[in-house]
Structures are given as structure tokens and as C-alpha cells.
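Chemist: So the chains spell out like this:
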Amino acid sequence: MASDSPAADRREFMLRVLRLGGMTAATVAGGAWLRSRSARPGESEVLVADRRTGVPADPALPEMVVAQGESPEALVRRAVDELGGMRRFIARGDVVVLKPNIGWDRTPEQAANTNPDLVAEVVRMCQDAGARTVIVTDMSCNDPRVCFERSGIAAAARAAGAEVILPDERRFKQVNLGGDVLTTWPVLESFLVADKIINLPIAKHHSLTGCTLGMKNFYGIIGGQRSRLHQRINESLVDLTAFARPTLTIVDAHRVLMRGGPTGGSLADVEFKKTLIAGTDPVAIDSYAAKAWWDLDYQRLPFLRIAQARGLGKMNFEEVRTKMVSV
Amino acid sequence: MRFTQTTLSRVRRVSQIVFLAAFFVLLFKSEFSGSFRGSSGPVRLPWPVSIFLEADPLAALATALSTHTLYRGLWWSLVILVPTFFLGRFFCGWVCPLGTLNHFFGSLRSETKRGKALLESNRYKPWQAVKYYVLAVVLLSAVFGSLIAGLLDPIPLTVRSLALSVLPGANYASNALLDMWYQSPSRPARFGADVAQFVLQGTLVTFRQPHFRQAFFLGAIFIGLLALNLRVTRFWCRAVCPLGALLGLASRWSLVHLRKDPGRCDDCNRCLLHCQGGDDPIPGPKWRKAECHLCMNCVGDCPTSGIAFSVGPMRSAATTVEAPQVQRRKLITGVAAGAVLVPLLRSTTGLEVESDSRLIRPPGALDEAHFLERCIRCGECMKVCPNNALHPTFMEGGLEGLWTPVLVPRVGYCEPSCVLCSQVCPTGAIWEITEAQKLGRPSRPNARNASGAAVPGDAPPEASNPIKIGTAFYDQGRCLPWAMATDCIVCEEWCPTSPKAVFLLKADVVDADGNTKSVRRPQVDVKRCIGCGACEFACPVKDRPAVYVTSVGETRSKTNQFILPPAPKR
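Chains A and B, in that order, give the protein sequences. Using this note's numbering, read the first sequence as starting at -11 and increasing by one per residue. Using this note's numbering, read the second sequence as starting at 311 and increasing by one per residue.
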């Protein structure tokens, strides 16, 4: 506002200069602060180094139990009892993550996903053993919303009291897996917070590895462009298993997709094997199943050899303490 | 009587809000939420999500002209059309979601619509007749077998614009804000973000962020159209809307009239202030019935009871124009334009002569000629597709096929067990099919006993061929086992047919270092391939995949074929 007296003019001028000085100082300070923050953008990494989801070995107990019988629920109860009971694996207050195969838009009869009754039974066993939370999750290949329902697993696990988690974008965290071929990949956060991990694969045919079993099931803990993993599938499987460190592995072989895996679709390719393999050695379990249904010797499966070299287990299943039971 | 009529505009507002809310709820429900009964139950949406489209008289009339039939739920349009005979354009003022949005944006304060200018802008203008010429063009096009009516029909236009552009945009914005919120170091703030996400889930925030081709243009056109209201209230409804034109014609002999009593008028012009249709409710010029949206604002605003709506025969032809004011010469021009448009479009090489190899239509889609007779470009199929696989075309379907659905396997493949697009299609362009039809399975499986063996003597209905929407081909120069001596097999792993249409052949190859390796090379069994695009979707060669689907071999076409089917077994 124009003023009449020169004194007021001067005053107005001084105030304006002060204000401009303040603005300049704030702008330069802001600029300097932003300048100091400048860095080349990179992935924000979460490094999970030493995960302890295993339990100590007990020489008095078998390392692998092969159970045969009609009911998957009865088989898993018996097999885990033989292994020392669920309380050996689950401590009171544990967050337990179950990793069934919920990869495909297929019904339980088509045997491309883990048997829902088996998943529900394991949920109940974990709760009986005192688990605080039992989470059931997987990164499906087909639309997870459809896979979780079609497999029957969402309904069965929810009814048993589990928290069923769909793998949406926000649930993945960038993690350095520290593997030989797998470094930074997005991992489902449930596997990062888990105290215990129970791997619940279904035994299926697969063109690249002959069969897909427990180690291959860990594809479902990561997101991102997984289709690149197939180029070095043996190393990838071992990296994932080494990262996941399953507390317990339970292979569903009630129905087995003998051909046309891992998607299947035709009931003609499904055979009733009415078997369940449970144990603490993920390598021996895969080795046993590959031999049992596809007659694949462990010498012919490079991922078993690499896994043994990495100390994840024994590829010769005859060297582990095994108990065969029929229920 | 007067009391009732002043409250009517409030009742109208409630009606508009209710219908707009219903429209949005159904739009949000046009998405598979992840629940269906039993693991073998069909994937279906429990809500009648296409009901607004099915109740659209223009969609019904246009498809009736092009197909001489009325598909499935389109008879719901009679619920709108028949009352219009008696009442007039109540749909425009009370029901239409785009009308309501225009109404809202038209009521915002605007520099160009103040005082005298506002009154002037709400008087009837000769250009309001343009919509009748537009109607003539789109109906004549329908007669010649092209449903371009859907481009301008307000219901498909609104569904398309919101579902493919505005809502995905809102989804992106919500996610971006939630991401920022989640990065807050404060725990209560992150809890707030959890709450916000829970509230938004299923409406603005969907399970997966959808992306659509053409989305920017669809959104820009829609926003531009709403912004026009700031210049002229309901410009779209008054000047362009072919559905409004149709309802204007349908109200020719309606029984609701605006009675003017010039003796009580004190020339305050208030009746013009909030007029929606531009139909001259003021004493002096004649009231134009075909333009009136029956919004009831004029009678509510009149301080002297100089005007009122009455039901019954028209009292005086001196104060009312019953028929739409169209110029015969221009109408003939419109008819001629409509008659020429489709033959001209069809004289190019599109359609069956030289169709685009990437014009992969959704399963259940009719052959292209019948498809174009029905598709109103509403985008419901694209909205509902759980894999975000369907997109509006640009030129893949020719100029005539603009914004019709095309499957883009790189973005999403067609889930074999899903028939949602055929459930929601209001006009049968994607004819309703079942999972069994799509998969070529018997409509009921072979009965099995408890141990899983087939029950002897049970004869299930015979299986047919599955619906094929295209065929996969390999680009061997980009495929890892073919070109780079590297194992991969992801396409084979994903192939959903049983037995798999992608099969592997072992081959000894030499890599760059001179080592001989054994790899498995994928090939396509054309007899089994259904063109779903799962292989193309999953191929690790991200930018231009080494396996891709083209439309050839699609079940719906008699001409777009290349393999002679094997002779049936005798």
C-alpha cells in the first residue's frame, strides 16, 4: 500500500527486504536439505539372515515317516505322532505358516493342489499344540481368488480356524535370499514373521524336474517374475529351500497326478496312492517320493545332490531313519 | 396440489441419488470377489450387475433392429420405455446415472452461466435437435448391422468410462496414498492405513490394480463431457444423447403436461434458473415436451403458481410443442448418413476379409458379423474379467469395432474355468455359455463311486470340442530352448489343457561355449490348443514373448481357419 510519509515507505521497504531474506534463507535451506538426501534410487532391502524355524534332531525318533491308509487326516495324525508329536515342532505362542500348494484353478479331485482335508487337519493339530496363529498362504499361479476357493483350501482352513491370507501386492517384501542364483526377490511377508513353517506339498508330475514335491513347493513363497527360475531350476529350488528352512515337511500323496503336471485337469492322470510322507529332512522326503512314484533315482535329480551339498539333508533316503506305518 | 408439486423436485433428487448409488454398487459388484459355493461350483456373480444396461431402451431397440430379436434381460428396457409413453422423459431426470452426474456438474457455479447468461442458456436452442439426427444415424447403422449406438448411448458410455478409466484411476490414486500412509513411522498412523484399506477394499481398491488400453482417452472424453456442463447445463443430454432423443420421441403422446397460466406470471424467470432440459417452461414460448426431463424444478421455483404439471389430455396446443422439433431435411441427412456409414465401413478390408491377427475375442463371442450386431462397447466384460485380460480395441477391430473387447494375453490370459464375461454381456455379443461348454466337457461328469472308479452303466452326455479363441505360435528366434540352449518349459507348465497342447521335444544343442546340452523344446499341438494365452502370459521373455496367440482357428469363425480337422472316428 502506498504511503504518504517517507518514513513509512522506508519501514515498508525494510520489512519487505526482511521477508525476502527469510524466504531466501528458507528456500536455500530446503534446497540444501533435499540436495543432501540425493542418492541413486535402489531397492529397499530387508535382509533375513539367520532364520530359526527348525527343531533339534532327536536320535530316538525317525526322520521320515511313510504312512499308508484311506484317510489323509488319520495318516497325518499318526505320522506326526511317530515323529514325536506336534508339540515337538510347535511351541506355545508360535506363529505357524502352512504352505500348501494352492497354485492352480483345480478341484481337489484333480490333484493339482494339496488336499484341503489334510490342510485343515494340520491347522487343528497346530492349534492343539498351542500355536498362537496358524496362517495358510501361497502365491498361486492362476488367479489366487479362484485358486484358494476352487482348491477347497480356503474354506477348509478357515473352518478349522486358520487365517487364510491371499497374496496381494502389498504383502510382499523385498528380501535378499542369499542364494547361489536367487538374490533379491519379493517374499510373502507371512514367511518372514513365521516362527515355524510347515511345508504341505502335493506330489505331482512336472516336465522339467520329473516331479514337483516339497522343495519345488517353495516357489509359492516368492512373487516377482518367477518364470525365470526355470532356467536354473535345480539351484533355484535349493536356494528357496535353504531360505525357507521348513520345520516339518508333509507330502500329500493321497491322490497323485502322475502325468500332465503340474496343472493336470484330467482325472485319468490321477491315481490314488493313499500315502503321506512326513519328516524333518526335506531332501530325503523328495528323494523317496521321486523314487516311489516316478522311479527317479536321486542320482538323476540334480537338485537333491545340490541340496545335500548345501547341507539341507540327505539325498539317499535309505540313510535316514525311516518308519513305515499303515493306518 | 401446489404443495405436492414443489416437493416433487425433492423426491426426484432422492430418486436420482438412489439410482446413482445402485449404479455404483452394481459396478463395484461387477468383480469376482473370490467366493463361490463349493470347490466345483461355477464362478458366477451373485448380483444382476448388467441390469442398467439391460434396462436401456436404446440398446434394446438397436439390437432389435440389427438382430430382429431381444436377448435375455433386454426386455427389462420395457420397464423404462412403456412408462415413458405415458409420462415422458422421466428416465432422464429421475434415473439415468449420466443424467444425474450431468445434473450435479451443471449445478456447480460457473462464470459463464450467471444471471442473464444462465437464463439465456436454459432457453430452448435449435441445436438441441442434433440428438435426433444422432439417433437416426445410430439406428440406421443398427439396421445395417453395426451397434455403434453403444459409443454414444449414455449407459454403456458411463459404464465403460467409469469401469475402464475413472475407477482404475481412483484405484491407483488410493493405492499411492495408502503406500505413503503405510510408510509412516507411527504405528497408529499405519493402523489408520489398515482401516482405510479395509474400508476401500472392494470399491476403490480392488484385489489387483486394473489397467486398460485406451483408458486415458475414455477418461478424458468422459471428464470433458462432464465439464461441458459448466458452459451449458446438461449439454450432453440436450444436444447429443441418442437415448434422450429416443425417449423424447416415445413421449409424443404422453399424458403429463406443463400447464401455463400467463395471468399469474410476474415475469421473474425463476422457472428457467434450474431447468434441466432446456424446454422453455416460461410463459410466452411454447413448452417443448420432448425436451423436458420432468425434473420439476420449474414448478418448485415458481413463486406465483403460474405453472404446474397436470395429468390428462393436452388442454391447449397454443402453449405446448408435443413432437420434437426436427428439420425434415436434416433428419433425412441423418438417415442418409446412417445408411451410408456402415456400408462405407464395411467396404474396407476389416471384418472377415483381413482381420487383425491379434483380434482375439472373448470365449462365447459370436462370429464377427453377429458380434458387431450386438456389442454396445459397455466394457462390462472387461470390468468383470478376473485376469484383466479383456481390453477395449483401438483399431484391431477396424474403425467400426472401436472399443469392443479384445483379449491381450500379455496382460492376462483367459481362465479356462471362467465364463463371467458371458454372464454379464447384456446383448449376447458374448453369448452366455457354461463352463462345460467352454471346456468341451460333458455337462455332468461320469458318476464315480467312493474309490473313484467310474460307475458302470452310467452314460454321461457326450463331450464336444472346447471353445477355441485362437492358436499359440512360437517365435523360435526368441524362445530360450530354441535359440539360447537354455531349458525353460514355463509355457508347458502353464498350459491348462489336458493333455497339454504345449509338448516338449528333447534336442541336443550346442551352446555358445561349444558344449553340447540336452534341452526340451516346446511345440504346439494345434488340435489341443484353445488359445487361452496362458503360455504367452507366463513366457519369461517379457517384452515380446516367444510364444504368442493369434486369432486363427477361433471356434466362432468359419473363415478364420487354417487346419483341416481330423476325420471323425467311424
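Hints were generated in silico from the structure; no laboratory data involved. Note that the coordinates shown come from a computational prediction; the quantities given were computed from them, not determined experimentally. We treat Cβ as the ideally placed atom computed from N, Cα and C, and that holds for glycine. Keep in mind that the hints are not guaranteed to be accurate.
As the list claims (entries may be wrong) - Listed next, with one range per pair, are the computed distances between beta-carbon atoms:
id : chain 1 : residue 1 : chain 2 : residue 2 : range
1  : A       : L22       : B       : P436      : 39 to 45 Å
2  : B       : W357      : A       : R75       : 46 to 52 Å
3  : B       : S657      : A       : T171      : 41 to 47 Å
4  : A       : W21       : B       : R541      : 15 to 21 Å
5  : B       : L540      : A       : D(-8)     : 41 to 47 Å
6  : B       : P356      : A       : A20       : 44 to 50 Å
7  : A       : T172      : B       : A506      : 28 to 34 Å
8  : B       : H521      : A       : G166      : 43 to 49 Å
9  : B       : H521      : A       : T171      : 44 to 50 Å
Chemist: Each of the hints needs a verdict: does it hold here or not?
Modeler: Verification of the supplied hints:
1. A:L22 with B:P436: 39 to 45 Å: 58 Å, violated
2. B:W357 with A:R75: 46 to 52 Å: 47 Å, holds
3. B:S657 with A:T171: 41 to 47 Å: Cβ of S657 of chain B to Cβ of T171 of chain A: about 58 Å, so the range 41 to 47 Å is violated.
4. A:W21 with B:R541: 15 to 21 Å: Violated, since W21 of chain A and R541 of chain B (Cβ atoms, about 45 Å apart) do not stay within the stated range.
5. B:L540 with A:D(-8): 41 to 47 Å: 45 Å, holds
6. B:P356 with A:A20: 44 to 50 Å: 59 Å, violated
7. A:T172 with B:A506: 28 to 34 Å: 29 Å, holds
8. B:H521 with A:G166: 43 to 49 Å: 34 Å, violated
9. B:H521 with A:T171: 44 to 50 Å: The hinted range 44 to 50 Å is violated for H521 of chain B and T171 of chain A, with Cβ atoms some 28 Å apart.
In this structure, the hints that do not hold are numbers 1, 3, 4, 6, 8 and 9, in rising order.
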